[in-house]
Amino acid sequence: MKNAPLSHVTATLLLPAFLVVTLGLAVLGAFQTRAQISETFARQTQIQQAQIALEELLRLQIDEENSLRGYSLTHDPFYVSEYRMAANEYDTTEDSIRQTVREQNLAGAQQMLANYTRFQQEWRTNVAAPLLSHPNEQLDALDKRNKLYSDYETRTVAAIREALASTNELLQHSTQMQLDRTSYVRAFWLLAFGLLAIFLNAYRSRLYRELEQERTTTEILQRVFRSESTPLPHCEVGSAYLSASSHLAVGGDVFDVYRLSDHLALILIADISGKGVDAAVLTAFIKFMIRAIALRLRDPSAILAEFNIAFSKAVGNPYLFVSMFVGILDTDTFRLEYASAGHDSAYLRRSEVVRQLAVTGPLLGVMEEPYGTEALELRRDDMLVLATDGLTEARDRGGRQLNDEGAMALIAQSGPHAQELADQLIAKVRKLGGNRLRDDLAILAVRVVDGTATDA
Amino acid sequence: MRRVAAALLLVVLAIPAAAGADCKVHRGEAVVLYSTTDDPSVFLWDSRLRLRDYNAASFDEAQALLPHAVLVAPGTHASVVSCVPKFVVSPMFSEPDDAVGVLIVSGPQHGLTRWVLGSDVRQFH
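Keeping their order, the protein sequence lines are chains A and B.
Numbering-wise (numbering that gives the first Met the number 0), the first sequence opens with residue 0 and increments by one.
Numbering-wise (numbering that gives the first Met the number 0), the second sequence opens with residue 0 and increments by one.
If we strip away everything but chain A, and leave its shape as in the complex, we get:
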């Protein structure tokens, strides 16, 4: 399999990672802005409460003065109690404003409030107290002084009011700016995420199309190069093939049954380490190369040895190797001679017993080692079952691998006919993995049916 191009890595890993990071930053920014706006709103609320309290303070100051005027005109003690009530309430309200002004750190307003308090206290001492104790004395002078205090208190309140309004306006402006900035940032992120999502989706679609195209090409090639079930005298031949679920895993399985002469047949199954179109093309090379060699050499080990040399020279890729089982079956005597280049998914089912056929040499394309040939005398109803590693490496939904034992158990439980067995094995493996197959799976089964063979 080829290495993934950088653009593919970028699109599949870096861009989503970038998306996640930027999304995280956007969320953090949103929380930070929310905290800032909340704080500003809280300050605004406090300022507005102070503004209301200030108006209340002015009203109480006027209440005090009016109560005092009422007393000086009527000498009715009712006005004295009114005066005292207004004075108490005035002090409480003034305290709350002072606290707000201090918390909001409004230095100018603090000074003005201090002046205001001073005026009010002096007014109480210099105007209110003399009038309450001697309501008929010095009225003109006290009136003038009262007017003086009143003027200055009114002006001071106006100044405090302006300071609070100005602060409130600043806070409003700040809030508005924060909201504006949040809107712009949000719009930017939305746009960025949208564009990235569109880009990723487009890239994904393109990638999917390319993979689908490759898969289709590969499957077409495999269909072309895989043998149909060639009829053999006195034998049943069955085969089945199942493509991997992943687009990238389709490729390099090949099997073949080919009549070399009236009574000799070549039986081949091989699994190439690569995947994809390249591997599928190699299957054609293997199939016809083995046929050509087998027409000259009838010894399976010699066939593998010659193919090994040709394969290494032709392919020239040290990372590519092939597992292969080659058998020459004499359909008159039912003698099977075979050689296995690291292909251990080869089994013989006799009666209810399944045994694995021994590997006789290393994988092809790895080293130039001699291969051995084994021979089997097949009997009636014996079934030669050849598979690719998609069988033994099949996994159930829990991830447990089938292995040789599991494969042999499935073979033992399958139907008596070659095609039936091939189809059932495919169905069982598909069911085992929940219709998800990690690798291709090819099954080739040959069963002896003629009566001339020795009965078990």
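Take these hints with a grain of salt, some might be off.
Unchecked claim - 25 Å max Cα-Cα, derived DMTMM-like pairs, lysine to aspartate or glutamate:
(1) K286/A - E392/A
(2) K286/A - D388/A
(3) K143/A - E60/B
(4) K146/A - D21/B
(5) K427/A - E235/A
(6) K146/A - D52/B
(7) K312/A - E28/B
(8) K143/A - D21/B
(9) K146/A - D59/B
(10) K430/A - D277/A
(11) K286/A - E235/A
(12) K146/A - E94/B
(13) K85/B - D37/B
(14) K146/A - E235/A
(15) K286/A - E305/A
(16) K427/A - D380/A
(17) K146/A - E93/A
(18) K312/A - D261/A
(19) K143/A - D38/B
(20) K143/A - D37/B
(21) K427/A - E404/A
(22) K427/A - E218/A
(23) K312/A - D298/A
(24) K146/A - E60/B
(25) K430/A - D21/B
(26) K85/B - D38/B
(27) K312/A - E367/A
(28) K286/A - D343/A
(29) K23/B - D37/B
(30) K430/A - D59/B
(31) K85/B - E60/B
(32) K143/A - D75/A
(33) K85/B - E161/A
(34) K286/A - E368/A
(35) K286/A - E373/A
(36) K85/B - D21/B
(37) K146/A - D37/B
(38) K85/B - D45/B
(39) K430/A - E419/A
(40) K430/A - D449/A
Derived from the structure by calculation, the hints contain no laboratory data.
Let chain A serve as the given structure and place chain B on it in line with the hints.
Chain B alone, transformed into the frame defined by chain A:
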């Protein structure tokens, strides 16, 4: 002698009236004195400079000026004898106010001629 002084004062008060084109009130108009709703009584000043100083001064300075002021009840009737536009400037005012010379025509201060703040003078219709 008192008549001469009064006549001289009237002349002095009348001089700025020529420049009173921008004033809200004009010479000869009948007006009522009324300050703010919160404290409607009105200060009358013996000099327009003191009127200006009172509004621009600190509290303590203003307190020192009080002997030069007379307090009249709200609703006191007067007649405009002079006006200096935008003469009174105070940090507390959003814009300068007029200094208006008035002759009190009602109440205990009847016959008194003094200066008042333009915003304390209401036209009487």
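Worksheet item: Does D21/B lie within 25 Å of K85/B when you go C-alpha to C-alpha?
Response: holds, 8 Å
Worksheet item: Does the structure keep K146/A and D52/B at a Cα separation of 25 Å or less?
Response: Cα-Cα ~16 Å, so holds.
Fill in: Proposed proximity, E60/B with K85/B (alpha carbon, max 25 Å)
holds, 22 Å
Discussion item. Against the 25 Å threshold, does the CA-CA distance of K286/A and E368/A hold or violate the hint?
Written reply: holds, 21 Å
Practice prompt. Take a quick look at whether K312/A and D261/A sit within 25 Å of each other, Cα to Cα.
Written response: With Cα atoms ~33 Å apart, K312/A and D261/A exceed 25 Å; violated.
Item to complete: Verify the proposed pairing of K430/A with D449/A, using a straight-line Cα cut of 25 Å.
Response: violated, 33 Å
Practice prompt. For the pair we were handed, K146/A and E235/A, check the Cα-Cα distance against 25 Å.
Written response: Violated, at about 126 Å.
Worksheet item: Is K286/A close enough to E305/A, meaning Cα to Cα at most 25 Å?
Response: Satisfied, since the Cα-Cα distance of roughly 14 Å is no more than 25 Å.
Worksheet item: CA of K427/A to CA of E404/A, is that 25 Å or under?
Response: OK: K427/A and E404/A at ~15 Å, within 25 Å.
Worksheet item: Has the given pair, K286/A with E392/A, been kept, meaning a C-alpha gap of at most 25 Å?
Response: holds, 24 Å
Practice prompt. Starting from K430/A, check that the Cα of D277/A is at most 25 Å away, please.
Written response: Violated, at roughly 29 Å.
Worksheet item: Keeping to a limit of 25 Å between CA atoms, is the pair of K430/A and D21/B held or broken?
Response: violated, 103 Å
The structure fails hints 4, 7, 8, 10, 14, 18, 25, 30 and 40 (numbered hints given earlier, in ascending order).
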